[in-house]
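If you want the building blocks of each chain, they are given just below.
There are 2 protein chains.
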Amino acid sequence: MKNHPEHLKTFYALFQRARLKITPARVRILEVLHHAHAPLSIQQISAELETGEVDIVTIYRTISALQKINAVKQTHLNAKERAYELAGEHHHHLVCTSCNAVEDITLNDQFEQYQKIITKKSGFKIMDHSLEFFGLCAPCQKN
Amino acid sequence: MKNHPEHLKTFYALFQRARLKITPARVRILEVLHHAHAPLSIQQISAELETGEVDIVTIYRTISALQKINAVKQTHLNAKERAYELAGEHHHHLVCTSCNAVEDITLNDQFEQYQKIITKKSGFKIMDHSLEFFGLCAPCQKN
DNA sequence: AACCTACTTGCAAACAATTTGCATTTGTGT
DNA sequence: ACACAAATGCAAATTGTTTGCAAGTAGGTT
Chain C
1 MKNHPEHLKT FYALFQRARL KITPARVRIL EVLHHAHAPL SIQQISAELE
51 TGEVDIVTIY RTISALQKIN AVKQTHLNAK ERAYELAGEH HHHLVCTSCN
101 AVEDITLNDQ FEQYQKIITK KSGFKIMDHS LEFFGLCAPC QKN
Chain G
1 MKNHPEHLKT FYALFQRARL KITPARVRIL EVLHHAHAPL SIQQISAELE
51 TGEVDIVTIY RTISALQKIN AVKQTHLNAK ERAYELAGEH HHHLVCTSCN
101 AVEDITLNDQ FEQYQKIITK KSGFKIMDHS LEFFGLCAPC QKN
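Chains as they are written, first to last, in the UniProt record's numbering: chain C, 1 to 143; chain G, 1 to 143.
Do not take every clue at face value.
Unchecked claim - Here are the computed distance ranges between Cβ atoms for each label pair: (1) G:His7 to C:His37: 40 to 50 Å; (2) C:Ile22 to G:Asn70: 45 to 55 Å; (3) G:Gly52 to C:Gln115: 37 to 47 Å; (4) C:Ile22 to G:Met127: 39 to 49 Å; (5) G:Gln67 to C:His37: 50 to 60 Å; (6) C:Thr10 to G:Gln16: 49 to 59 Å.
What the hints assert, rightly or not - Keeping only pairs whose Cα atoms sit at most 16 Å apart, straight-line, the calculated EDC-like set for lysine to aspartate or glutamate is: (7) G:Lys125 to C:Glu103; (8) C:Lys73 to G:Asp104; (9) C:Lys116 to G:Glu31; (10) G:Lys125 to G:Glu103; (11) G:Lys121 to C:Asp104; (12) G:Lys125 to C:Asp104; (13) C:Lys125 to G:Glu31.
Honestly, the hints are just simulated from the structure, not real lab data.
All C-beta atoms in this analysis are idealised placements derived from N, C-alpha and C, irrespective of residue type, glycine included.
Work out the full structure: start from the sequences and follow the hints.
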């Protein structure tokens, strides 16, 4: 284990536990996700990287691996694409249906309440969830 | 406009407003969605119909048209597929990650509260949302 | 520091999902 | 019954995702 970016160290631990190697491609992909302000699709991750830096097949495989070790979470921002964000950065999303901007929102007590009610009513053991709001962002409401 | 199934009449109105024709294929697709107990993917809709009854391309186009006039809503129950349900039957979903069962849950005040808070905080004009919980259903918790 | 081996990668190609073009058919207002 | 725009099926194009395999590499061991 060489000199890898410091701020990703929590992920390196996950890697080691799963016997996954810390490769340049994986570090770059983690960095891209880390710097993102919203979940990214495979295509978007690919676009963030230098052309030819990482093959898109490798991105697919890396994301898949990261999901298995719970290092990334999948969300669904629109009809077309699946998008991914680093675990531990879980939040809900506001998706503007006009300009396609995506804004993160942090969950609060009110939502926890709702989840508790559902749990009680359903007998379901809830492990995770995905919530997206669709509408118009402030700027787009003026047009 | 001939003798079409009575219970779908609210949709016929939407069709006419949008100058969409009421065809056998569309009626059948609406029926399938109407009888479904959970959102269905394109493939599932296709499977519900008699073989060769409606071309899968037509299902794609029909669903797309129905979405445009807000007659169906899209949800994302799992990583692979998009699923659809009739509008007006909007609810949240409990997805069992073990047996893949999907259970509908009806939203309640608690959730409305949460949405209100988000609206106030963000300045977003929320038109719609999508919420899925993932976890283990009661039976699967025992295994 | 060189070595070994299992894990990774890129590339090509298979596969699957979704969309498009076009000739033909059909619903619906007149 | 007629006329025309809209809808359908089929084939083919496009796009998204997965798989097979030979070559390359991380990271523990000597």
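Verification of the supplied hints:
1. G:His7 to C:His37: 40 to 50 Å: holds, 46 Å
2. C:Ile22 to G:Asn70: 45 to 55 Å: holds, 48 Å
3. G:Gly52 to C:Gln115: 37 to 47 Å: At roughly 44 Å between Cβ atoms, C:Gln115 and G:Gly52 fall inside 37 to 47 Å, so the hint holds.
4. C:Ile22 to G:Met127: 39 to 49 Å: This hint holds: roughly 43 Å between Cβ atoms.
5. G:Gln67 to C:His37: 50 to 60 Å: violated, 28 Å
6. C:Thr10 to G:Gln16: 49 to 59 Å: Holds - the Cβ-Cβ distance for C:Thr10 and G:Gln16, about 57 Å, lies within 49 to 59 Å.
7. G:Lys125 to C:Glu103: holds, 13 Å
8. C:Lys73 to G:Asp104: violated, 23 Å
9. C:Lys116 to G:Glu31: Distance of about 35 Å is beyond 16 Å: violated.
10. G:Lys125 to G:Glu103: violated, 28 Å
11. G:Lys121 to C:Asp104: Within the cut-off at roughly 12 Å; holds.
12. G:Lys125 to C:Asp104: Roughly 15 Å separates the two Cα atoms, so the pair holds.
13. C:Lys125 to G:Glu31: At roughly 33 Å apart (the allowed maximum being 16 Å), G:Glu31 and C:Lys125 break the hint.
The structure does not agree with the numbered hints 5, 8, 9, 10 and 13 stated previously, though it agrees with the rest.
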